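Asks: As they're listed, the protein sequences go chains A and B. First residue of the first sequence? That's 1 in our numbering, and the numbers climb one at a time after it. First residue of the second sequence? That's 1 in our numbering, and the numbers climb one at a time after it.
By construction, these hints were calculated from the structure, which means they are not laboratory data. All values derive from a computational prediction rather than experimental measurement. Any given hint could turn out to be false.
Unchecked claim - Taking beta-carbon pairs under 8 angstroms as the criterion, some of the chain A residues facing chain B (in silico): (1) 134; (2) 138; (3) 157; (4) 160; (5) 161; (6) 175; (7) 177; (8) 187; (9) 190; (10) 198; (11) 284; (12) 290; (13) 295; (14) 347; (15) 349; (16) 350.
Quick reminder that beta carbons are idealized off the backbone N, C-alpha and C, glycines included.
Each chain, letter by letter, is given below.
Protein chains: 2
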Amino acid sequence: MINKRKTKKKRVGIIGAGPSGLAQLRAFEAAKHAGLEVPEVVCFEKQSNWGGMWNYSWRTGVGKYGEPIHGSMYKYLWSNGPKECLEFSDYSFDEHFKKPISSYPPRPVLFDYIQGRIKKNKIRDYIRFDTTARWVNYNDETEKFEVVFDDLKIDKTYTEEFDYLVVASGHFSTPNMPYFKGIEQFPGQVMHAHDFRGADPYKDQDILIIGSSYSAEDIGVQCHKHGAKSVTLSYRSNPIGVNWPESIKEVPLLTHFKDDIAYFKDGTSERFDAVIMCTGYQHKFPFLPDEFRLKTKNNLYPDHLYKGVFFNNLPKLIYLGMQDQYYTFNMFDAQAWLARDYMMDKFEMPSRRERRVDIDRWLEANDKLEDSFDHVDFQGAYIKDLLKLSDYPDFNVDEVGVMFKEWLKDKDDNILTYRDKTFKSVVTGTMAETHHTEWMDELDDSKERYLYQEESEEALEEVVGKQPV
Amino acid sequence: MINKRKTKKKRVGIIGAGPSGLAQLRAFEAAKHAGLEVPEVVCFEKQSNWGGMWNYSWRTGVGKYGEPIHGSMYKYLWSNGPKECLEFSDYSFDEHFKKPISSYPPRPVLFDYIQGRIKKNKIRDYIRFDTTARWVNYNDETEKFEVVFDDLKIDKTYTEEFDYLVVASGHFSTPNMPYFKGIEQFPGQVMHAHDFRGADPYKDQDILIIGSSYSAEDIGVQCHKHGAKSVTLSYRSNPIGVNWPESIKEVPLLTHFKDDIAYFKDGTSERFDAVIMCTGYQHKFPFLPDEFRLKTKNNLYPDHLYKGVFFNNLPKLIYLGMQDQYYTFNMFDAQAWLARDYMMDKFEMPSRRERRVDIDRWLEANDKLEDSFDHVDFQGAYIKDLLKLSDYPDFNVDEVGVMFKEWLKDKDDNILTYRDKTFKSVVTGTMAETHHTEWMDELDDSKERYLYQEESEEALEEVVGKQPV
């Protein structure tokens, strides 16, 4: 009897146990706690631990089992937006840390927060780690996804069937790296931001960063903070344009290299020790037949996704977190809750044509956006649209939008001190603490150091094993 | 009529257009030139050009289309064995270069040589570039391989059927990278040899190399040649043990790091600027179901391959070049010629049990080998076994073995000058030229510089654009 019931259950496959995949697991867990019968859910994660990007790896290139490394994060990475803008509305920072913390925590602290919610809910059992999806076949007759998995640890492949497939494999993992004439002869290190693991090797060096993205901005500032002699950012269309410190500057696009000299569009040239390409990422889904692949550039509303998640040609194929992002964890949650309701037959899917009309409406609005403030408002409107459709705990999206705009202004004002500012949680009303050390003076990004409460200099020294800065 | 004949033709799929895949194409082309009817052959190559390893890429991590980078070669890579030991017996160095050259050419010169034979035979038309194999299904009913390919350039997947599948995708592409305690906190660059692209960034630095392989030996020497302050090689079991110059030394295995200090098994410790892991490669076939994967460590006679090529459980699945290698191009040829004959029904496959007995005989012999000289003899015997079975032009395998032993002694004597030695071709009888510049003084690895014939210092200066060394 139990067996029969079990086999009748719908099956959901989730690819990836990063913030998006974990949001999906959490969404089902919330329904289960509410007494609802949920489908059988299995999550497959290529890495040995959850957290996606937030699961730092010292490795670059490929991992232990020869799969491309997922993580693009680096040592000394601190949140580049206020934590109040990404707070889970069902698990606050206060609940996790039991005390107010600053608005811009380092990676290990945010990773700890992400894990808190799912540890509490025993979500680990749903995840098969060290397992990568090799190939997906959608069977038109059975209307099921047949997915070939590769259990990397034991070098074993197997196939499983799912009624729904949730692709939560991220889109900041596969570097986009253009060619520049002469780069093959550049004698120094050339790498993509994806392979950047910390600024230490660039001490006293002249660094060329190509790009004007968040990566370019943050890696540039990190290199400056950790002792690079100079940082030059080369932009294609527009400079980042904040108030840079003296040793950071922006120049137009690189045209070519001759040995270790880089030449730029404005006719200038300069010698560099190393090149870091912050030239973005590709949406890449090698395990999917191309007709099911989301083919898009990084933007706020990728085409072909109804409500930003349901693949319009086959809504049982669900993509999470594929948007360019202001809102992050809370947006993934809002998406996952809606996706869950659809998979539990609690959200009625409109017709394909209706979906198309809805998508087009968002695409048109997206086309009209002019500046960053518009982008924030647009993504806020998208999230409000999602929140209407599920029971994910409501949060004040507009107030978060105000914080994003504040943050944008703070960065413009001073790129080196914006992380010293504090914001107020829309979930708990708690005002963030000012951190014990100004960001530019804080060279240790460990959780222990971050959460340390000042009592005496000696205590801190004991905790972190080095002279406090 | 023609169509009908065409559809009746057997189809051969070759994965990879490196030296092994190209040898397979060349083998079929030779049969075609001899007037035989050959199967329909298609070769699929992930990269945009042929040559496998020899097709140098400045990229590391993933390529233009987000696939793992194949190449492990670097700037200033020179052959680390005499070219006379890898000469094609159907296309000599004399035929290609029209004059004697030295015994240890740089990579671009050997790449040029590899291409010469296939350009002459218009082999390019058989190859679909920028195309990777995603997944192979062997259909027991049709007895065909159904292979899903991904045309990376146009982001399109498609399936084709083959009677035979030749896996020539190499096994020096997927890094094996062990973890050492504390490595995640090492502040300098940490990379696998696969991602090493040249010694320049290590000028005046103290470099730690982990491993005692060819990569360790050669990257160590390259770093020394190009100005590293010191090179330390850490070995697991045995040191390389050649006469190192003063600034290169070998130490026992690394136990752990503490910041930038490495600790070794013998209790010593030292500070380093960068770590290069020359810790070998994995045989990795992500596109194959695990029951068809060759699962082996790098060794001279991987189990499960009859005559070193036919997968014993399914001989229509053919692996080329999967052995650890003294002999290279000429061994791939001997393998490809035999594989061709089998695919053209000209080589009768013995029973599975007979094949097993043959494999076991080789495995037993392999187990008894004691030193490098034994290894050379063993691989020589294997190649002679292959040569008996096909019409690949015979060559003096024993004489090549003698050269390998000479080479091993030369390296022992002086690791910095062994590349200045010369050998005599077993194909043409030609004695190699002494190169115009001693290897340690030659910092330019271009083909132009290499093939330059000294007339005047000024002429050379003109050719290579810099002061001759």
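Asks: So, for every hint listed, does it hold in this structure?
Replies: Do the hints match the structure? See the list:
{"no.": "1", "hint": "134", "verdict": "holds (6 angstroms)"}
{"no.": "2", "hint": "138", "verdict": "violated (12 angstroms)"}
{"no.": "3", "hint": "157", "verdict": "holds (5 angstroms)"}
{"no.": "4", "hint": "160", "verdict": "violated (14 angstroms)"}
{"no.": "5", "hint": "161", "verdict": "violated (16 angstroms)"}
{"no.": "6", "hint": "175", "verdict": "holds (6 angstroms)"}
{"no.": "7", "hint": "177", "verdict": "holds (6 angstroms)"}
{"no.": "8", "hint": "187", "verdict": "holds (4 angstroms)"}
{"no.": "9", "hint": "190", "verdict": "holds (6 angstroms)"}
{"no.": "10", "hint": "198", "verdict": "holds (7 angstroms)"}
{"no.": "11", "hint": "284", "verdict": "holds (4 angstroms)"}
{"no.": "12", "hint": "290", "verdict": "holds (5 angstroms)"}
{"no.": "13", "hint": "295", "verdict": "holds (6 angstroms)"}
{"no.": "14", "hint": "347", "verdict": "violated (31 angstroms)"}
{"no.": "15", "hint": "349", "verdict": "violated (26 angstroms)"}
{"no.": "16", "hint": "350", "verdict": "violated (29 angstroms)"}
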